[in-house]
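J.: Taken in sequence, the protein lines are chains A and B.
At the far end of the first sequence sits residue 219, using this note's numbering, and the numbering has no gaps.
At the far end of the second sequence sits residue 1242, using this note's numbering, and the numbering has no gaps.
Hints should not be assumed to be uniformly reliable.
Counterexamples of contact, computed for chain B against chain A with all Cβ distances above 10 Å [to be verified]:
#1 Pro1073
#2 Ile1079
#3 Glu1087
#4 Lys1220
Listed next, with one range per pair, are the computed distances between beta-carbon atoms [claimed, not checked]:
#5 B:Glu1211 <-> A:Thr154: 45 to 51 Å
#6 B:Asn1071 <-> A:Arg86: 48 to 54 Å
#7 B:Asp1025 <-> A:Phe145: 30 to 36 Å
#8 B:Pro1169 <-> A:Met51: 47 to 53 Å
#9 A:Ser116 <-> B:Ala1131: 24 to 30 Å
#10 B:Trp1010 <-> A:Phe56: 47 to 53 Å
Hint data in this document are derived by calculation from the structure and do not stem from the laboratory.
For each residue, glycine too, the CB sits at the ideal point set by N, CA and C.
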Amino acid sequence: MFADFDFQVIVEAAPILWRGMLITLLLTAVAIVGGILFGTVLALMRLSRFMVLSVFSGRYVDAFRSTPLILVIFWFYFAVPYVVGRPIGDLYSVLIAFTLFEAAYYCEIIRAGIQSIRQPQVHAGLALGLSQWQTTRSIVLPQAFRNMVPVILTQAIVLFQDTSLVYVVGLKDFLTAADLVATRDNRVLELYLTAAVVYFVLCFISSMWVKRLRRQYAL
Amino acid sequence: MIEVENVSKWFGDFQVLDDCSTQVDKGQVVVVCGPSGSGKSTLVKCVNGLEPFQEGIITVNGVSVGAEDTNLPKLRSQIGMVFQNFELFPHMTVLENICLSQMKVLKREKDEAEERGMKLLDRVDLIDQAAKHPAHLSGGQAQRVAIARALAMDPIAMLFDEPTSALDPEMINEVLDVMVTLAQEGMTMMVITHEMGFAKQVADRVVFMDEGRIEDDAGKDEFFGEPRGGRARLFLSKILTH
Ligand SMILES: Nc1ncnc2c1ncn2[C@@H]1O[C@H](COP(=O)(O)OP(=O)(O)OP(=O)(O)O)[C@@H](O)[C@H]1O
Ligand SMILES: [Mg+2]
Chain A
1 MFADFDFQVI VEAAPILWRG MLITLLLTAV AIVGGILFGT VLALMRLSRF
51 MVLSVFSGRY VDAFRSTPLI LVIFWFYFAV PYVVGRPIGD LYSVLIAFTL
101 FEAAYYCEII RAGIQSIRQP QVHAGLALGL SQWQTTRSIV LPQAFRNMVP
151 VILTQAIVLF QDTSLVYVVG LKDFLTAADL VATRDNRVLE LYLTAAVVYF
201 VLCFISSMWV KRLRRQYAL
Chain B
1001 MIEVENVSKW FGDFQVLDDC STQVDKGQVV VVCGPSGSGK STLVKCVNGL
1051 EPFQEGIITV NGVSVGAEDT NLPKLRSQIG MVFQNFELFP HMTVLENICL
1101 SQMKVLKREK DEAEERGMKL LDRVDLIDQA AKHPAHLSGG QAQRVAIARA
1151 LAMDPIAMLF DEPTSALDPE MINEVLDVMV TLAQEGMTMM VITHEMGFAK
1201 QVADRVVFMD EGRIEDDAGK DEFFGEPRGG RARLFLSKIL TH
């Protein structure tokens, strides 16, 4: 089976694979940044003393966490153009789907992070005359995020792997690109092996890096 | 300066404060003591509105703390508070800790805030620690920074919640010294502490709390002079002998 393993196939496929990788990285980056930003808003809403905000955020998180990502991607692909009134392209619909989906997960991570900050720290901020919001922004969130760095990065690695699900709407991420070449050239072994190695190496390096961060900063 | 009138507070069904009344006049030092769980911290937190209370009135400098329309952040910015576990902000340097509220609340420029911060650090003898993070300070140093941080707001009164009880014995005095100086300079202070030496040296009055009630509220000489009744005596004899 390995006897006719042809490296040339991989070299020739490299530009396509690279373009796929760019899509994968773009998706990952946007979903992390957007997910954390919106997730923070959701977490603050969840912890707010206003029932409406808190309930909305709770329902939102429950809804997304009980739906498989692949369905969310699929729905947004059809639903977003319908809501906006015009086609927005598969890339945008997927970016939105990922951001909203990841926000639900980040919300829970960030909520736990905020709750890990002891109440006397909040009291110390308030006692100095800072408003509730200033205390949250300058004292609670920076410490919460610092504690959350490893979990956030671990979630990012999961996310990186999950981006391969965009094949359902025909978006050419890294894995889809590999799959396309594999069937086109009938070179399944070369391309799937390459894909596996690339995913493994990237995730492995990232996990190691997270572990080191954890040790270095005693997180 | 601080008036507490018939304050009662409940946590759910549990009554933490039971009809408490006391006051701290301008320039006075009032020491609050009593057994663990008697409501001392809660009382002090009611004074700057960190804890709400259901009955009674507390006024600070004529402003009612519990009133709907009171600007609590503004009121709190005028009342310094020092905590048992320092509560410095670990993600900021010592100087940043002292400058944060000066800039955000008093809207001082960075230069001005830092200048004031360095002056106060000098005052508590920690000028060489300005760039450090709180994790690298000893407990005594951290508490002195916390006092400097509170003073940076130019407070009209200071609240202390067991400022030395988390410290190693050899560090207690460096913090008490700062507090004594502050008291002698005429700062209005409400101090929860079991350091009776401190009370004897600078307190005007001593308040003894038990089970949410103020059981005793007397001038220092009276408090330490005559034999006290019941629980206060028992409590005093316990903490004075160890
Ligand atoms: N947030 C809260 N919810 C419910 N009960 C509380 C809360 N905070 C304090 N208590 C209870 O109120 C009582 C008084 O607490 P407080 O902290 O004021 O006592 P304290 O006199 O300061 O004691 P210590 O010397 O241990 O600091 C205690 O029984 C405590 O368990
Ligand atoms: Mg206490």
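J.: All hints, please: hold or fail.
T.: Here's how the hints hold up against the structure:
no., hint, verdict
1, Pro1073, "violated (5 Å)"
2, Ile1079, "violated (7 Å)"
3, Glu1087, "violated (4 Å)"
4, Lys1220, "holds (27 Å)"
5, B:Glu1211 <-> A:Thr154: 45 to 51 Å, "holds (48 Å)"
6, B:Asn1071 <-> A:Arg86: 48 to 54 Å, "holds (49 Å)"
7, B:Asp1025 <-> A:Phe145: 30 to 36 Å, "violated (45 Å)"
8, B:Pro1169 <-> A:Met51: 47 to 53 Å, "holds (49 Å)"
9, A:Ser116 <-> B:Ala1131: 24 to 30 Å, "holds (27 Å)"
10, B:Trp1010 <-> A:Phe56: 47 to 53 Å, "violated (31 Å)"
In terms of the numbered hints stated before, the structure departs from hints 1, 2, 3, 7 and 10, listed from lowest to highest.
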